[in-house]
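> Using the sequences provided together with the hints, build the complete structure.
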Amino acid sequence: MVRPLQTSDNLSLSTVCLRQSDNCALHPLAYALEDEEPVLSVQFLLRYPMLKLGDLAIDNALVFGDVKVNESKKDEDGNAPVETARAIRVFYMLEASEDADRWIRLFLKHMAAYSEESSRIFWTSSRSLADEMERNGALLIPWMPWAALALVVFCMAVCSSRDVVRSQPFIGFFAMFNAAMATVASMALLLYVRYPFLPLVFIMPFLVVSIGTDNMFLMLKSWRLSPEADVERRFVDALTETAASLFLTSLTDGLSFSVGSVSDFYAVRVFCTYCAMAILFMFIFQVTFFNAVMVLCCRRELAGRHSLLCYKVSKKEIVRDAVTLHHSTNGTCGAVLAEILSTTGAKVVTVLVYLVYLAASINYALALPLGLDLKLLAPLGSYAAEELRAQERLFFDYGPYCFAVVLLRNRSLTNPEERRRLLLLYNALSSSKYASKAEFWLEDFESTHSGRAFTNTAFNSAVHTLFAERTKFRNDIRFDLNGDIEATKMLLRVRLLGPAHDKPRAEFLRSTMRDGGFDGFAYDTSFLLVDQQLATASGVITNVITATVTMLFICVLMVPRPVSATCIAVSILSINLGVVGALSSVDTRLDIISMITIVMSIGFSVDYVTHTTFHFIIQKDNRLKKCLTVMTEPILQSALSTVVGVSLLAFVPSYIVRTFVWTVFAVVGIGLLHGLLFVPVLLELMVPPTEYMQPYNAGTH
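Just so we're aligned, residue 1 is where the sequence shown starts under full-length UniProt numbering, counting upward by one.
Simulated from the structure, these hints should not be mistaken for lab results.
For clarity, every value in this text was computed on a predicted model and none was experimentally measured.
All C-beta atoms in this analysis are idealised placements derived from N, C-alpha and C, irrespective of residue type, glycine included.
One or more of the hints may lead you astray.
[As the list claims (entries may be wrong)] Using C-beta positions, here's what the derived DEER-type ranges look like:
#: 1; residue 1: TYR114; residue 2: THR471; range: 28 to 38 Å
#: 2; residue 1: MET693; residue 2: LEU302; range: 22 to 32 Å
#: 3; residue 1: ASP66; residue 2: ASN427; range: 23 to 33 Å
#: 4; residue 1: LEU352; residue 2: ASN427; range: 58 to 68 Å
Take a look at the structure:
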């Protein structure tokens, strides 16, 4: 099935395999399966977990999966005949070369087309997981044009009305175009300076668009509420009313991603750098290009020209009823909401709802599972993810090998007591349910030399004699320049596979090494994931604290009112707590992917509450009503545009993309609750009338 495979340049398994002497380093089962009578050949190998023939030991623990053995026929080493096995696994060890990579590509292509009626086949390779992770970005690309089209149509529709003059569809279109320019410019600049690129960056345009449309809706709302007849005065009034909050949200969004761009995690650092650069370009384009477009569109409106074709509209064509309807309904939604929230009963209910929200968020956040699950990095249905699931399900009892390295400087194994202590350490490491014995040369050595004291020369001679007989131990010892042993390796067998056992195994092996009386360390590939768990948890906490303190500092500078700034800081923490709780409620893990989305939510959480707070404190009287009259419609429109932009991505079969989508939905939903419900009530209850900020008036300067 596999051994006959040849590439176009005649590369086969026999030419790229890892060799042991002159033969490929393959398990005997691989040869047995290629035999003309594989059933007879395989039956000869059916002992578990090891098959021992004299001095020859064949490891079957990694080959047979979900095994049932005949317990009554176990030998003295614990090996027994196999009665049933639900899976057979074959390893093909290859050399590290470009030729091997080409053969792997042929192997993967062959296996994707191969099928068996009587069995199900899983396969993987050393490059499979990395290739499948890159496919997440490729899966996004076909959806991007449709998402962009949906956003353009939505923004143009929201900016339009029944009045052909007062409609502003081009403002919606150019808001999208502005965000697209920022995305292209940021990616072009970073790629030009040879900054790394990851497929994860394809998610970035959807974030930039949501920030850009947020600012556009707010500016358009302020323009429509301005009573000025002169286009320049009207635009200046709209811009001065929104400039501070627009600058504040762009700054806080950019800074939150800047915090992530110095993360210890490579993927987080790259993604956040692209996002921060895109937000910078978007702000530059917004205050230059987009403002110019808005001036032109506003001049067209005041000149009485058609919103799409720009011809002069006669008075007969102007829909007067639509204009009346537009003016009468402007801010109605916000005014009704403000009237409801002004009542004492509504405030009490809002506080109670917030307490329930807070309790639920804390409860779910504390239950957020930690650690990266490799199966989730590949797209849904990926052959690599399926193989990992099958491995955990069928080969959960015995895993691959791990090892411990013991440093023996200033120690002499010529002393039988030192050898005894070293064997005690090996027995301690292999005595738990997380690891068992594999191979340690000292056990074989002590079987013939137990309790014997040696001179250095005699000991080294005995060791070399053992290694001449058992060549597999040759790489387990390191000698110094004097010919003495300075380090030795102990081989252990991993037991109980799966993410749930990785952390306890790491803690047990490391603590046993610390308490064993020898210098050294234990290592298993799962330790990388365990260490990443700890680093991710501390990294998230550090990023949240750093970003929140930074946001608070910026808010104090831009909104120098202590109670209002404190309300913003509390709201940021509250929204992020809710986002973490929401992620936990859908079984999302705290890993690198969710770490990126949490950093993203820190910046997004500022937008809604900052706009609301700023427009609250610049009002002298009737603050709640005036604030919500201006803010309700833009916040709702911005939230809807964000949801429309990412909703199509929910169909992408990828955990990474769906985590992003769910985070955006959570941020939007929880941000809406805070921006239009919790924060207005909090400001109304907490901010004194004396805490007022004079808005900039262009006409007085």
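> Each hint: holds or not?
Taking the hints in turn, this is what the structure says about them:
no.	hint	verdict
1	TYR114 / THR471: 28 to 38 Å	holds, 36 Å
2	MET693 / LEU302: 22 to 32 Å	holds, 30 Å
3	ASP66 / ASN427: 23 to 33 Å	holds, 29 Å
4	LEU352 / ASN427: 58 to 68 Å	holds, 60 Å
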